[in-house]
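Asker: This is what each chain is made of:
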Amino acid sequence: MQLTETGESRVNGYLFILERSLKTFLPPDIVRDAVREIDSHLRERIAAADGAPNERVALEKILGELGPPLRVAQAYSAERAVDEAVTTGRVVAIFTALWRVAARTTIGFFVALAASVGYIVGWAFLVVAMMKPISPHNVGLWVDDATGVPHQLGVLFPAPAGNHDIAGYWLIPVCVVLGILIVRATHLWARRFLSRWRERRALARMGGFVA
Amino acid sequence: MSHETWQEQLRRGSLDLAILLSVSSGPRYGLAIIQHLDAFTDLVVTEGTIYPILARLTREGVLDATWVEDEAPHPRKYYRLTRAGARRLEQMKREWRAFAGKITRLIDAAESTDHATH
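Just so you know, the sequences run in chain order A and B.
This note's numbering applies: residue 1 is where the first sequence begins, and numbers increase by one.
This note's numbering applies: residue 1 is where the second sequence begins, and numbers increase by one.
Honestly, the hints are just simulated from the structure, not real lab data.
Honestly, I wouldn't trust all of these hints.
[Stated by the list, open to error] Examples of chain B residues lying across from chain A (beta carbon under 7 angstroms, computed): (1) Leu31; (2) Glu47; (3) Thr49; (4) Pro52; (5) Arg56; (6) His74; (7) Ala84.
C-beta: ideal position from N, C-alpha, C; glycine also.
Work the whole structure out from these sequences, hints included.
Answerer: The structure is reproduced here in C-alpha cells:
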C-alpha cells in the first residue's frame, strides 16, 4: 500500500509521540534504534497491506495491532533501569534503579532510603579503617575516661578530651570486615528487591499480552 | 487469582522461551518473529510490546541484533541467538519439559482418582 500524505502524517505522528516518550528516559542512540525498528515494522506491515480498499482503516488496524505509542514506550521504560541493575549488579546501576523505583512506589522509597543508609554506613566503616593509619590519634573507639563506657566510633578532629581509644590498630580489620559485610549485604538485598520488583512489574504490565 | 491473571502469567512466563525458539533455527527480524509466534501461538496480542522484550534479551546477551540495510525497501533488524542464548534456551527447554511433565502427571493422577471414585 502506497501511503497518501495523510497516511504518512499519521505514521510520522505515531513515531513522533513514541520518540518523545522514549527520550524522557532512554539515551538518544537507543531511542533512535528503537524508533527505527518500529518504523521498519510499520513500513513492512503497510507494504504488505497492498490492495486494502481504505487506507485509513488499514492504517488504523496496523497501528492498533502495534499498540498505542505510549504503551510501547512504557514497555521499553518499565524495566530498563531495573533490568540493567539486576543484570549487571553494578553499584551505580543499582542505586539509579532504586531511586527510579522510589519515585514510583512508597515501598520503593523506603527501600531506597534503607539501602542508602546501608551503603553510607558500610562505606563509613571502610573510611574509618583507611583513616586509622593516616591519623591514628584521631580515629578510634572512644571511651569516656570517667565512666569507662564506649560512646563514639570514628574520626574526630580534634581527638576528644577526657576520652581514650580502646581499639588501637585492631580497629582496621574490624572496620574493614564490618564495612565489606554491610556494603555487600545492602547490595545483595537491594538487587534482590529490584529483581522481585521487576517480576511483579512484568506481571502488572501484561495488559499488553492479554487477548 | 482470577483465571485471566493465571492465563496472563502463563503467557508471560512462556514468551521469552517462545521468542528464543523463534530464532533458534536462524536469524529473524522483529515482524518475522511476531508472525512466527502468531502462526503457532496466541502469545502476541500487542505487537509493539515484543520489541522491548527483544531489546532486553539483547541487553542480557541472549540475542545478538544486526541491522540489514539492503534486503528490503526498508532496513530490518535481525536477531540471532548468541552462545549464551543457545545455552539458556537448552536450559529453558529442559525446565519447561520437566515442568510440563510433572503437571501432566499430576492431572493424570487427579483424573484417574476421579474415575475410580465415580
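Asker: Are the hints correct? Go through all of them and say.
Answerer: Now for the hints, and whether the structure bears them out:
For leucine 31 of chain B, the shortest C-beta to C-beta distance to chain A is roughly 5 angstroms, which falls under 7 angstroms, so the interface hint holds. For glutamate 47 of chain B, the shortest C-beta to C-beta distance to chain A is roughly 5 angstroms, which falls under 7 angstroms, so the interface hint holds. For threonine 49 of chain B, the interface hint holds, the least distance from its beta-carbon to any beta-carbon of chain A being 4 angstroms, beneath 7 angstroms. Below 7 angstroms, beta-carbon pairs count as interface contacts, and proline 52 of chain B has one with chain A at about 4 angstroms; its hint therefore holds.
Proximity of arginine 56 of chain B to chain A holds as hinted, the smallest CB-CB distance being about 6 angstroms (cut-off 7 angstroms). Checking histidine 74 of chain B against chain A: minimum C-beta separation of about 4 angstroms stays under 7 angstroms; hint holds. Taken as an interface hint, alanine 84 of chain B does not check out: its beta carbon lies about 12 angstroms from the nearest beta carbon of chain A, beyond 7 angstroms.
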